[in-house]
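Going by our numbering, the residue at position 207 of the sequence shown is 207; the numbering climbs one at a time, nothing skipped.
In case anyone wonders, no lab produced these hints; they're calculated from the structure.
There's no promise every hint is true.
In silico BS3-like cross-links for lysine-lysine, where the CA-CA straight-line distance does not exceed 30 Å [said to hold, decoys possible]: (1) K275 to K322; (2) K471 to K94; (3) K275 to K288; (4) K244 to K420; (5) K419 to K275.
Taking CB as the label site, the calculated pair distances span [what the hints assert, rightly or not]: (6) K220 to E295: 35 to 43 Å; (7) T115 to E196: 49 to 57 Å; (8) N255 to K220: 41 to 49 Å; (9) K220 to R245: 34 to 42 Å.
By construction, the Cβ of each residue, glycine as well, lies at the ideal position given by its N, Cα and C atoms.
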Amino acid sequence: MIKSHVKEIVDRCFTEGVKQGYWSEAAGGRYTVEVPKREGQGDFSTNFALVAAGIDKRKPRDLAAQFAELLGGQSMIERVEVAGPGFINLFLDKKIWVTVLAPIYEQDAHFGRSTNGADRRVLVEFVSANPTGPLSVGHGRNAVLGDTIARLLTASGYAVQREYYFNDAGRQMRVLGESTRARYLELLGLANTFPEDGYQGDYIYDIARAMIDEAGDGFKDAELAVFKERAQRAIFADIDATLKRIGIGFDTYFNEHTLYEDGRVNQVVEELRAKNLVYEKEGATWFKTTEFGQEQDRVIIKSSGEPTYRLPDIAYHCDKFKRGYDWMINVFGSDHIATVPDVLAGVRALGHDDSRITVVLYQFVTLLRDGKQVKMSTRKATFVTVDELVDEVGPDALRFFFLMRKPDNLIEFDLDLAKKQSQENPVYYVQYAHARLCSIERQAREQGVNVGTPDQILARLAEPEEYGLLKTLAEYPQLVAGAAADLAPHRVVFYLMDLAGQFHGFYNKHKVLGDDPELSRARLYLCGALKRVFRNGLTLIGLRAPETM
1 MIKSHVKEIV DRCFTEGVKQ GYWSEAAGGR YTVEVPKREG QGDFSTNFAL
51 VAAGIDKRKP RDLAAQFAEL LGGQSMIERV EVAGPGFINL FLDKKIWVTV
101 LAPIYEQDAH FGRSTNGADR RVLVEFVSAN PTGPLSVGHG RNAVLGDTIA
151 RLLTASGYAV QREYYFNDAG RQMRVLGEST RARYLELLGL ANTFPEDGYQ
201 GDYIYDIARA MIDEAGDGFK DAELAVFKER AQRAIFADID ATLKRIGIGF
251 DTYFNEHTLY EDGRVNQVVE ELRAKNLVYE KEGATWFKTT EFGQEQDRVI
301 IKSSGEPTYR LPDIAYHCDK FKRGYDWMIN VFGSDHIATV PDVLAGVRAL
351 GHDDSRITVV LYQFVTLLRD GKQVKMSTRK ATFVTVDELV DEVGPDALRF
401 FFLMRKPDNL IEFDLDLAKK QSQENPVYYV QYAHARLCSI ERQAREQGVN
451 VGTPDQILAR LAEPEEYGLL KTLAEYPQLV AGAAADLAPH RVVFYLMDLA
501 GQFHGFYNKH KVLGDDPELS RARLYLCGAL KRVFRNGLTL IGLRAPETM
């Protein structure tokens with residue numbers, strides 16, 4: 001919006017300077033136009049002079065003075081200042097800022113959306129928790145991150161598909177079946193041996209009881225595969241229900257076992273072997289990851305004959321490439337940090353462009369109550385589940401708190417704060433801003449106040465707080481585009497918190513519906529735009545935009 005117009009002006013002045021011989025073309029595309037971080041440094045600032053000075057061997061302030069002279073003749077710009085070593089600060093005509101409001105009304109729910117993605121096909125793989133137990137809080141952060149990244153990319157014009165990689169093969173599934181069979185026999189009072197590393201949660205008893213309710217002791221002689229299948233089905237139904245509670249669904253589910261059934265895992269090994277990239281040692285099969293920059297080679301098939309996680313993951317990513325995605329995004333916990341380079345090496349070794357794969361690694365979550373860490377679940381397992389967290393704080397607080405930090409930052413989730421119905425609680429603070437704006441509109445209708453014709457009233461918006469709100473509203477489309485491009489949903493949360501703070505400050509200082517009808521209509525128009533952006537932002541991160549609180 002306004003920033004893009006300012007960038008166009010700066011680019012035109014740069015081109016004009018080249019024509020007049022003030023500087024060379026070499027700085028083209030290298031300088032930036034940004035919003036200054038400090039008050040008093042203009043509405044926008046460019047580092048052009050600093051960039052060009054290094055290239056043309058000139059003094060930055062001399063270049064800045066020439067550039068400022070060219071900028072001074074532009075209609076949008078009220079004045080230009082050269083600051084510090086050569087920064088060029090631009091102060092816009094204040095009337096320009098009100099032009100942000102009409103597009104917000106015109107585009108409404110589409111304001112902030114773009115076609116930047118140009119329908120590029122993107123696969124976002126997230127959650128992908130083993131179906132061996134309920135979703136933990138760590139899985140919850142994965143789910144919210146992945147879903148919000150997918151929402152951002154969709155809003156930016158990408159053709160997005162959400163995928164859950166269903167880990168239904170390997171040792172952990174065998175242990176799940178053994179655990180379920182042992183609990184089933186135990187409940188029947190029959191002899192059983194619980195596996196040493198079996199799944200201890202009460203949910204295994206729940207599955208066993210359901211089998212007894214269905215067939216009594218009819219499964220006592222059943223094959224292990226029966227127990228495994230029943231447990232897997234029950235647990236995944238539980239996972240799916242949990243995800244639906246926090247507004248998350250998937251387009252596709254990819255079953256790990258198909259990689260073995262179709263021979264794709266063996267195919268990976270044979271292709272690597274044909275390239276002389278695997279060898280046998282101590283009964284195991286090793287992948288020469290050292291040839292791809294790793295410090296040591298990695299085992300892909302253990303001496304027991306079982307593959308390590310790296311092998312099916314390589315096969316899975318090869319399948320993604322065959323499906324023709326332009327960009328493949330994986331959301332993983334930080335415990336995957338050691339395996340990611342190996343999988344990317346395998347993909348590269350098999351002739352695929354691993355630069356099309358982006359891995360978002362997130363840190364885990366610590367729950368706090370009364371300032372102390374919460375360690376144990378009340379019922380289901382030896383960890384706190386997403387369901388328990390939703391029961392306690394609700395889906396909106398869960399999503400918001402999970403998005404309040406960068407993915408690679410640890411989260412301390414304060415349960416007491418998340419439940420507070422006050423402005424201390426950041427999610428309440430943001431949602432209350434939307435509810436307050438809805439209340440203002442209801443009061444206006446009751447008083448017969450309407451916004452009238454915007455052209456006649458917007459000149460009345462002249463307070464510093466109003467300009468601050470207008471500037472922040474103007475940033476929203478670029479904020480969404482940047483958050484999508486950088487896979488950084490936390491930026492939307494930061495933006496909403498900042499906008500909420502500005503709005504509450506404005507509301508506490510200035511009366512929206514007062515004795516001056518023209519000013520009331522102008523402020524009501526501003527509030528209508530604010531309400532739309534809050535709604536769009538909250539929807540973008542998967543939260544409700546409540547009309548009352």
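Now the hints, each set against the structure:
1. Taking the CA atoms of K275 and K322, the gap is about 20 Å. The hint holds against a cut of 30 Å.
2. Of the supplied pair hints, the one linking K471 and K94 holds, its CA atoms being roughly 10 Å apart against a limit of 30 Å.
3. With a C-alpha separation of about 10 Å, the suggested pairing of K275 with K288 holds against the 30 Å cut-off.
4. Under the criterion of a C-alpha separation no larger than 30 Å, the hint pairing K244 with K420 is consistent with the structure, at around 24 Å.
5. About 57 Å separates the Cα atoms of K419 and K275, which puts this hinted pair outside 30 Å; it is violated.
6. The given range of 35 to 43 Å is broken by K220 and E295, whose C-beta atoms sit roughly 51 Å from each other.
7. About 56 Å separates the C-beta atoms of T115 and E196, a value consistent with the hinted range of 49 to 57 Å.
8. For the pair N255 and K220, the beta carbons lie near 29 Å from each other, so the given range of 41 to 49 Å is not met.
9. As the Cβ distance of K220 to R245 is approximately 35 Å, the hint placing it in 34 to 42 Å holds.
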